[in-house]
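*Asks:* As a plain string of letters, each chain reads:
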Amino acid sequence: MQVIRDDGTLDPNLDPGLSVDQVVALYKAMVRTRVVDDRLERLQRQGRIAFHVGSLGEEAAILGAAAALREQDWIVPCYREVGALLWRGYPLQQYVDHMYGNAGDPIHGRQMPDHTFSRAHRYLSVSAPIGTQIPHAVGLAWAAKKRGLDECVAVFFGDGATSANDFHAAMNFAAVFETPTIFLCRNNGYAISVPTEAQTATRTLAEKAAAYRMPASRVDGNDVLAVWRAVRAAVVRATQGGGPTFVELVTYRLGGHSTSDDPRLYRDSDEVDSWARADPLPRLQKHLEHRGAWNEELDSDWRKVCDTEVRECVRASEEKPAPALETVFSDVYASQPAHLQDQQARALAARDADREGS
Amino acid sequence: MQVIRDDGTLDPNLDPGLSVDQVVALYKAMVRTRVVDDRLERLQRQGRIAFHVGSLGEEAAILGAAAALREQDWIVPCYREVGALLWRGYPLQQYVDHMYGNAGDPIHGRQMPDHTFSRAHRYLSVSAPIGTQIPHAVGLAWAAKKRGLDECVAVFFGDGATSANDFHAAMNFAAVFETPTIFLCRNNGYAISVPTEAQTATRTLAEKAAAYRMPASRVDGNDVLAVWRAVRAAVVRATQGGGPTFVELVTYRLGGHSTSDDPRLYRDSDEVDSWARADPLPRLQKHLEHRGAWNEELDSDWRKVCDTEVRECVRASEEKPAPALETVFSDVYASQPAHLQDQQARALAARDADREGS
Amino acid sequence: MPEMNLVQAIQNALAVTMRADPDVVVMGEDVGKLGGVFRVTQGLVDEFGADRVIDTPLSETGILGTAIGMALHGMRPVSEIQFSDFIYPGFDQLVSEASKYRYRTAGEFHVPLVVRTPYGGGIRGGQYHSQSPESLFIHTAGLKVVCPSNPFDAKGLLIASIRDDDPVLFFEPKRVYRAIKMEVPEEVYEVPLSEAKVVRPGGQVTCVAWGAMLYEAYAAAEEAAQHGVDVELIDLRTLWPVDLDAIVTSVQKTGRFVVVHEAPQTCGFGGELVARVTERAFVHLQAPPRRVTGYDTPFPLTHEREYLPLARRILPALIETARF
Amino acid sequence: MPEMNLVQAIQNALAVTMRADPDVVVMGEDVGKLGGVFRVTQGLVDEFGADRVIDTPLSETGILGTAIGMALHGMRPVSEIQFSDFIYPGFDQLVSEASKYRYRTAGEFHVPLVVRTPYGGGIRGGQYHSQSPESLFIHTAGLKVVCPSNPFDAKGLLIASIRDDDPVLFFEPKRVYRAIKMEVPEEVYEVPLSEAKVVRPGGQVTCVAWGAMLYEAYAAAEEAAQHGVDVELIDLRTLWPVDLDAIVTSVQKTGRFVVVHEAPQTCGFGGELVARVTERAFVHLQAPPRRVTGYDTPFPLTHEREYLPLARRILPALIETARF
Ligand SMILES: Cc1ncc(C[n+]2csc(CCOP(=O)(O)OP(=O)(O)O)c2C)c(N)n1
Ligand SMILES: Cc1ncc(C[n+]2csc(CCOP(=O)(O)OP(=O)(O)O)c2C)c(N)n1
Ligand SMILES: [Mg+2]
Ligand SMILES: [Mg+2]
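Residue numbers (my numbering), protein chains in the order written: chain A, 47 to 404; chain B, 47 to 404; chain C, 2 to 325; chain D, 2 to 325.
Pulled out of the complex, with its shape left as it was, chain A reads as follows (with noise of 0.2 Å):
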């Protein structure tokens, strides 16, 4: 499904009538989430933060889904969907605090970076292990559900995380209880080196939900109108008592999977290039630009000022020290036991005794 024409106009058949405003601030969105990106990007290369894992090129599929969703939803990330986080209202302070896992890290310093959360936005914490993030989306719904509130949950994952237990598990529970999870699958064409062809023997990922009887749509991840329309729509089923939906987002990785990844060696660049015609960002431009709401100028000014704002958090991240040692024993029980305190006091006095040393 795609709603913005090549020339920019939209299918009228499909127009979700988004005001100006509100498209406008999506595709600022979408400017500033891939700012940053480039940002962090530089700065692993430069050695001053240990590692990156970005959205460039998904953009679309990321903030079209996140604004389709209401205050009250949650979101349940995989580990690119940090432009949904900050589409929330999320400080970037503190996601660039968490880049450098400093002491303004909200966890200290316990996590890679692009491991976030917040409660208060209604966003899960990301975690390594793929797959894993789903059950507990279908939970999340689940306890919403039998607590009588209306929230549905939307949780991201990717082409390779069909292949997971918990995919199985997730979908399976979901469509038997009819939980309101909106299952957003970015099919990006890769698992790292693996590409989607080789990840199943299926044309399509939408094509797995008919072994959960699970109702499937397949969108232009790389349209964010298309993806707003779809998701959306899950929304309201959701919330129509009509249980879970599974959309499957069209887009591409443009960049390697992570800093630590070099795609020339599993793709060719024809197929990047082909793949950056379809870049999310341009396109959604051209259409504000036809509807007269958007320029070059704009644009330039816009990138700048989110430029200026990540450097400005960057620079001050970069003057926070570590977190203190002793946060490496707290919070892994609701109130420390006698084996942590021995612990943590032996590392706190081999510390200690190591600077008297050096």
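No wet-lab data here; the hints were simulated from the structure.
Since the structure is predicted, the reported quantities are computational estimates derived from the model, not experimental observations.
Treat the hints loosely; a few may be bogus.
[What the hints assert, rightly or not] Computed far set for chain B versus chain D, every beta-carbon distance over 10 Å:
1) Gln48
2) Arg91
3) Thr178
4) Asp212
5) Ala216
6) Ala244
7) Arg337
[Stated by the list, open to error] Simulated restraints, written as ranges between beta carbons of each label pair:
8) Ala391/B with Met183/C: 32 to 42 Å
9) Glu364/B with Val199/C: 38 to 48 Å
10) Ala180/D with Leu394/A: 22 to 32 Å
11) Ala180/C with Asp388/B: 28 to 38 Å
12) Asp52/C with Arg249/B: 52 to 62 Å
13) Asp166/D with Ala322/A: 48 to 58 Å
14) Gly108/D with Glu364/B: 20 to 30 Å
15) Glu364/B with Glu191/D: 47 to 57 Å
We put the beta carbon where it would ideally sit given N, CA and C, even for glycine.
Once you have looked at the hints, place chains B, C and D with the ligands on chain A.
*Replies:* What follows is chains B, C and D with the ligands alone, placed relative to chain A:
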């Protein structure tokens, strides 16, 4: 799909064309399986064996499939398919010895009853964890393919197993790597107390194959010729390089889940009665009588033969001693490591000390 | 006060907690109409309905993974794993998710989940209906592990576990389910976690056990007394975080330590206790600590009574340790 | 003789074994064109083709479960788990199936499977790219566990593991992958399993380590010498079945024992070794055995060097044990 009509005649369009002798052999094997089942159930009631999990009502699904396979094809069992193993000539005495876990048990009483296997009969080992055997069947078939052997692999599992991790992984790998695997799903209506309708939101289990783009068929599992036909078709496809097939065998568990179960707690007798009218044995018997190849006298004679045979085996089994205590400590590794030599020595010493004690 | 066996006490603990707290739900395979294969949840679906006593599809990944999601929302799910031998398909959700969620969100999210599961041998269950996998979970930081030995403790510990804000593995000694009865209060009460209990005071040898093996250790201790060996027996009740002080205090007195468990010896919890006791009470030790455990083999069927560390294997260990 | 780092030695071991035996295949996520995320399998697909160097879908259950099936047919699959932190989705296949198949078929079937997986910290991998789960597999009867510390041993141990008829977990210290180079023969050779190696003879304290921590223990031992403490350092190489005699012989000489590992302390392999040493060499022990290990928390990122049992934490343990 149904081949044997209610009047005992065959649907000419679907008749797989088995000879009378072949069908009689099948019928006799089904009866033998049931007689053995019945005897073992009684023995458990009498406290002479610890446990039994039977196949009452599912004999057509099991024997029809076994008969459709070729000698060189492998069977990967769930736990109700001993009928298929006996069909391949496994000695009944050995099976009964296993049921007693005595010195004649090939695995020295290391597993619960009904955990059979036989390399000679190309029949893998029954394992209690649901679904774990399914990826084995895929790997086994994959190996045969890699080694250029004309073998295919049929794996049995239940309706409940379709919810397991291993089912999802195995179906996906089989489809992606086009292994000669035949997925035989015995849909007997229940996973212990959970009806198939509560196991999945789909109307059939065959639908699940769509998630892997795997060809699937759904047949009357109480019609031994329909089962034979579907499984043989899958064998042909597999051996012609057509890859895996999913076959749903629609049947019903007329008995309890196992001798530990009490089905009255979760299903009413009307349901059982209506399925009892679809019992595969009378249906096949009627067909054979129609063919003039069978009658009441032959039937009761054969049942007597089977019953005497199993009683003989039971008598012999009950005279055999327990396996040697040493067998607890062997076969953990190819050769016994030091720590197990120690533990064995201590166990034997404890046992002897005990004997003196008492 | 009514008499209850272990099954009834656990059933009662679930019922009283569910009455008091609508956020408590029970989920698992066959927990509804059937009441579980051991009938522990029998009757609950009649009182609380299928929305709170949930028969799930056959997926431990789903049972644990969706329960974690419910817990993240603030509910208090009690998941049943039919046999602890079948917990492995859901192992990842416990080890990678439930155990680490609080840590990786600095407490912003936590997982008040209880996983009930029957464990252990002695019911002719063979390889896959007899296992005792507790040490795998004790090794996993962020999980708590509880194992009651009697109906009174079982009810109090289960209520405490459900009210606890961290994920708890609740191992039920299936061999004890209907073996003993005792008086259990009808009302709600807690037996605090991480408190061991001296069930038999003694001065010469400290013996630690839990669950079904506690009775074997007790029998062995009584018999040891006939041989003039005075054993102090401790019921651990909560395996992790363990009440190490209770053990060390006793060993400082006796100078001798024997630990008993069904699980295979190697990397079982016994080894950890021996190591901690040796580290904390080395100078008091007058004999090598001893482990009486299952063997390092899969769990057998016919010879399960030889495999299990029953009284007849514990007794010589107690006497030899005392006389070392 | 060519110089190789750990990555090259393992790559070479796979190549020479695959040339010699058509039944050896390599399978896992990204092992083909990409050559694995650590490039260990780089180039193999070019030499052996996609049928023997198999990029699988993203499923550890599938990678291990189908490999077991291949092994049951007589092949010798080498499965790669991209990080040992991600082995849990396939845990059931290893613990319930691979480990028990020989036992439950009295040897009629067996599973010659090798599971290669990078483990351990020190590469800024945080919670899910740093774990050391060896004790979970050591606890599981029927599995062998190997962990090389250097290129020469890695090649010989991997070849021995592939030729071994039992399932082997082969843990690769990712921190060492490119950290050291040494001469490694081009030809096929084995380093026998279950043989530990004394890498530094000494008389006062026995120190046991493996994998990446061996280098930390070595550095600490050298520094201890400056303080007049003479440490005997043993590289375990195979963790299970363990070469206990090598350890006990050394402890009988030194009377002192220190074990080092990255995994969390509780129910880690160190506790098992302390227990066995205490049982076997109690009368020789002149100081409490010590464990220098990871802490009982998830693996942190920023403070990973504080979390790891590096030389600066091992040294005081050696000295205090020697001077106890
Ligand atoms: C259980 C598990 N296995 C392997 C990995 C290593 N890994 C990290 S990301 C990834 C690929 C994921 O691909 P996909 O699901 O398509 O998400 P994408 O990165 O393309 O957004 C893999 C294999 C992991 N994190 N977890
Ligand atoms: C992983 C796992 N979970 C739970 C069980 C307990 N259990 C044994 S049989 C069974 C039901 C299986 O149902 P189905 O797959 O339909 O096979 P059937 O018994 O009906 O032939 C269950 C839940 C198990 N053996 N393994
Ligand atoms: Mg992808
Ligand atoms: Mg069934």
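*Asks:* If a hint holds in the structure, say so; if it does not, say that too.
*Replies:* Hints and how they fare:
A cut-off of 10 Å between C-beta atoms confirms that Gln48/B is not in contact with chain D; the least separation is 33 Å. No Cβ of chain D comes within 10 Å of the Cβ of Arg91/B; the nearest lies about 27 Å off, and the non-interface call holds. The claim that Thr178/B is not at the interface with chain D is violated, since a C-beta of that chain comes within 10 Å of its own (minimum 5 Å). Separation of Asp212/B from chain D is inadequate, the least Cβ-Cβ distance of about 6 Å not exceeding the 10 Å criterion.
Distance check on Ala216/B: its Cβ comes as close as 7 Å (rounded) to a Cβ of chain D, failing to clear the 10 Å threshold; non-interface status is violated. Separation of Ala244/B from chain D is adequate, the least Cβ-Cβ distance of about 23 Å exceeding the 10 Å criterion. Non-interface status of Arg337/B relative to chain D is upheld: no Cβ of that chain comes within 10 Å, the nearest being about 40 Å off. Here the CB-CB span from Ala391/B to Met183/C is close to 40 Å, well matched to the stated 32 to 42 Å.
Separation of Glu364/B from Val199/C is about 47 Å and conforms to the stated range, judged on CB atoms against 38 to 48 Å. Between Ala180/D and Leu394/A, the C-beta spacing of about 29 Å keeps the proposed range 22 to 32 Å intact. Separated by about 32 Å at the C-beta atoms, Ala180/C and Asp388/B satisfy the suggested range of 28 to 38 Å. A hinted range of 52 to 62 Å is violated for the C-beta pair Asp52/C and Arg249/B, which are about 24 Å apart.
Checked against the hint of 48 to 58 Å, the C-beta distance between Asp166/D and Ala322/A comes to roughly 52 Å, which is consistent with it. For Gly108/D and Glu364/B, the Cβ-Cβ distance of about 27 Å falls inside the hinted range of 20 to 30 Å, so the restraint holds. Against the hinted window of 47 to 57 Å, the Cβ-Cβ separation of Glu364/B and Glu191/D comes to about 49 Å, which satisfies the hint.
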